[in-house]
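Engineer: The lines below spell out each chain.
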Amino acid sequence: MRNTYLWFVQLITGVLIAVLLGIHMVMQHLDAILSFFGFNINDPTSWQSMVERSREIIWAGIYIALLAVVLYHALNGLRNVILELAPSAQTERIITWVIIAFGILVFIGASYVPIALLSV
Amino acid sequence: MRQIEPRRNYLGVGGWVWAGNYKLERYLYILHRVTGLGILFFLLLHLIMTTVFRIQGQDIWEATMKILHNPLFKIGEYLVVVAFIYHALNGLRLILQELGFLMGRPTPPIYPYKDSLRKKRPWTMAMIAIIVILALVFFYDFIQGGW
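Line by line, the protein sequences are chains G and X.
Read in the numbering used here, the first sequence has 1 at position 1, and its numbers run on one by one without any break.
Read in the numbering used here, the second sequence has 26 at position 26, and its numbers run on one by one without any break.
Bear in mind the hints are in silico, worked out from the structure with no lab data behind them.
You may find that some hints are simply not true.
[Said to hold, decoys possible] Chain X stretches covered by chain G per the calculated footprint, using a threshold of three residues with CB under 8 Å from any CB of chain G:
hint, region
1, 12-18
2, 53-63
3, 87-97
4, 111-125
5, 133-141
Don't be surprised by glycine CBs; every beta carbon is placed ideally from N, CA and C.
Construct the entire structure; sequences and hints are all you get.
Structural biologist: Okay, structure coming up:
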C-alpha cells in the first residue's frame, strides 16, 4: 500500500515538474524565438541578473520548493528502477534508506546556498 | 499449501533492456528510463554548478560559464533539453493512460475482440510528432544562439 502512495506522489510531482521546468527550458533555451515574438529576456545566467534574483526571498522559495519536488521525483524514480531487480526485503530497506539519506543530504546542502545568498 | 517460489521471473539487469516480444510502447519505456537516469545525472552536475561554484563569487562563476559555452557542453545541453521534452511528454501520456484516458470505453469480451492498443496508438504517434517538432524548434534556437 505504501508504494501506491509513493507512486501517486510521483505522478503529481511529474505534472508539476513538466509545467515548471517547461517554463525554465523556454526561458533558458528559446530566447531567440521569444525575442522574435517580442519578449526580450536578458541572459538569466549573467552574474548581474543572478545577484538581483538571489536577493529576493520569493526566488529563494521557488528554488527550494523546486529542489524538493525534483529531488523526490528523481530519487523515487531511481528507487523504482533499482527495485525492478527484485532484491530481498532487507536489501530493499537498505536501498530505501540510502536513497532517503542521500536526498536529505543533497536537499540540505543545496538549499543552504539560496538562504545564505539572501544576506550577501 | 503451494509454495510460492520467489524470483521465478527474475531477469536481472538484462530485464531492463530485453524481456520478450517488444512493440513500440516497450521501447518508449526503455527510452523513458534512459532519459530519466540521464536527467538525474545532469541534475547533480547542475546542482554542483549552481551551489558550489555560485557561492564562490563572480570570477569563479564567469570562468565556469566560459567552460560551459564550449561546443561540447552545448551539444550536451541540447541532449538534456531533448531528454526533458521526451520524458515530460511521454510521462504525461503514461499518466493519462494510467488514469484511463486515451484508450476508449471498455467493451465486453465478445469475438472479434477489440484491442485498446488501437485506440492508444494514434495518441502515441501524435506524442512522437510533438516531440520531434519541439526538438526541431529548440535545435533552431540552439543554432541561432551561435553555439
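Engineer: The structure should be examined with respect to each hint, and the outcome stated for every one.
Structural biologist: So, going through the hints one by one against the coordinates:
{"no.": "1", "hint": "12-18", "result": "holds (count 4)"}
{"no.": "2", "hint": "53-63", "result": "holds (count 5)"}
{"no.": "3", "hint": "87-97", "result": "holds (count 4)"}
{"no.": "4", "hint": "111-125", "result": "violated (count 0)"}
{"no.": "5", "hint": "133-141", "result": "holds (count 4)"}
The structure fails to meet hint 4 from the earlier list, while all remaining hints are met.
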